[in-house]
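**Student:** What follows is the residue order along each chain.
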Amino acid sequence: MWVWFFKLGSPKWFYELSGKWLPWLVAAMVIFMTIGLVWGLLFLPPDYQQGFTSRILIVHVAVAGTSLAFFPLMFVAGTITLVWRMKLADMVAKNAAILGAWFSFITLATGSLWGSVMWGTWWEWTDSRLVSMLFQLFLLLGVISLRSALEDSDAAAKACALLSIVGCINVVIIKYSVEWWNTLHQVSSPVTTDTSSPNGPEFWIATLIMIVAVYLFLTVSLILSTRNEILERERKAQWVKDLVLKAK
Amino acid sequence: MKPHRRKKLGIILFIAAGLSVAVGFTAFALKQNINMFYTPTQVAEGEVGPGQHFRIGGMVKVGTVLGADDSLKVNFVATDFVSDVPIQYEGILPDLFREGQGIVAEGEMDAAGVFQASRVLAKHDENFMSPEVKAALDAAGASADNHMPSGTN
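If you're matching them up, the sequences are chains F and H in order.
Residues in the first sequence are numbered consecutively from 1, following the working numbering.
Residues in the second sequence are numbered consecutively from 1001, following the working numbering.
If you're looking for bench data, these hints aren't it; they were derived computationally from the structure.
For glycine and all other residues, C-beta sits at the position ideal for the given N, C-alpha and C.
Computed footprint of chain H on chain F; a stretch qualifies when at least three of its residues, placed anywhere within it, have a C-beta under 8 Å from a C-beta of chain H:
id, region
1, 45-55
2, 117-126
3, 157-169
4, 193-201
Between the sequences and the hints, there should be enough to build the whole structure, so can you do that?
**Tutor:** Pasting the structure below:
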């Protein structure tokens, strides 16, 4: 297991392995994304109160759920960078922050759209779910600007790992905010296989497909951006030069 | 694992644990401030000071919505099925506002004990139903109200 772990830390090894995985991951992503979006946005039954507005939530729930994965990922990557000095983990952490900021933004945007129709308000500063999600976006923007200010140094890795700890605590707060405090935001919908009760399969199967699609999108995006980062940071290494020459 | 790595990992985990505890205590101390609204029971128990601007969250009690004919004034009762609070509001209500619906109203208590709302928001619950399922449930006499806390109506 340790051999595998240290092998993964080698940028060259990761570059070659991820190159083999990518076509499969992209194919799976396209399939799930197409099914999820077409089903969710065109064929999902309307909700009896919300009408077709409920379809926004297919995207919202999938992106919001996935956006909570970034800080735990960055914390693990940051710890590996600090403890085992693995360059690859640092590259993953750096790109995860940028992706995570976009995911958080899309979560807030789709949620606002739905809220403006259903709640009668775009934004409520007093709702802990909404504010903790906005806090996550700001934290990620903070990590991104720290990185660009400190330029891939040791200090950047340390500061970002520390912010990731705060981010992970915030993820727990986001998740349970709707249960610990009174909020305008509803709690998570329980799912049931019973077709004649609320939250039946006609709603959640499409959501589940969308969640898988968004996770695949996250994986593919992260691999692609990390591969770019590897080529840039290792541009003086012999194997990258060979790769470029071969491509010509 | 080499000792200096173990030490570093220890430091990281110590910081993580320390920050978690700090945030946990802060959140606990601020509990009431983080809550978006008071329930009608909390209001009845006098948790809100006189003249305070605050929010009430509850269900619109069935059969209590009275709209004026010549204005946007509307009166209704918010309930958590233990206590009731009468609310008066003038303005446009969200589409989702109806009897039995969860709402959050923002405003102040007047001298007569009526909550003068300056804003009313609709709160959606976690249940999603297609019109067919809703119709089937209604036909079976088990309306959506059954998913709300017991003691409805």
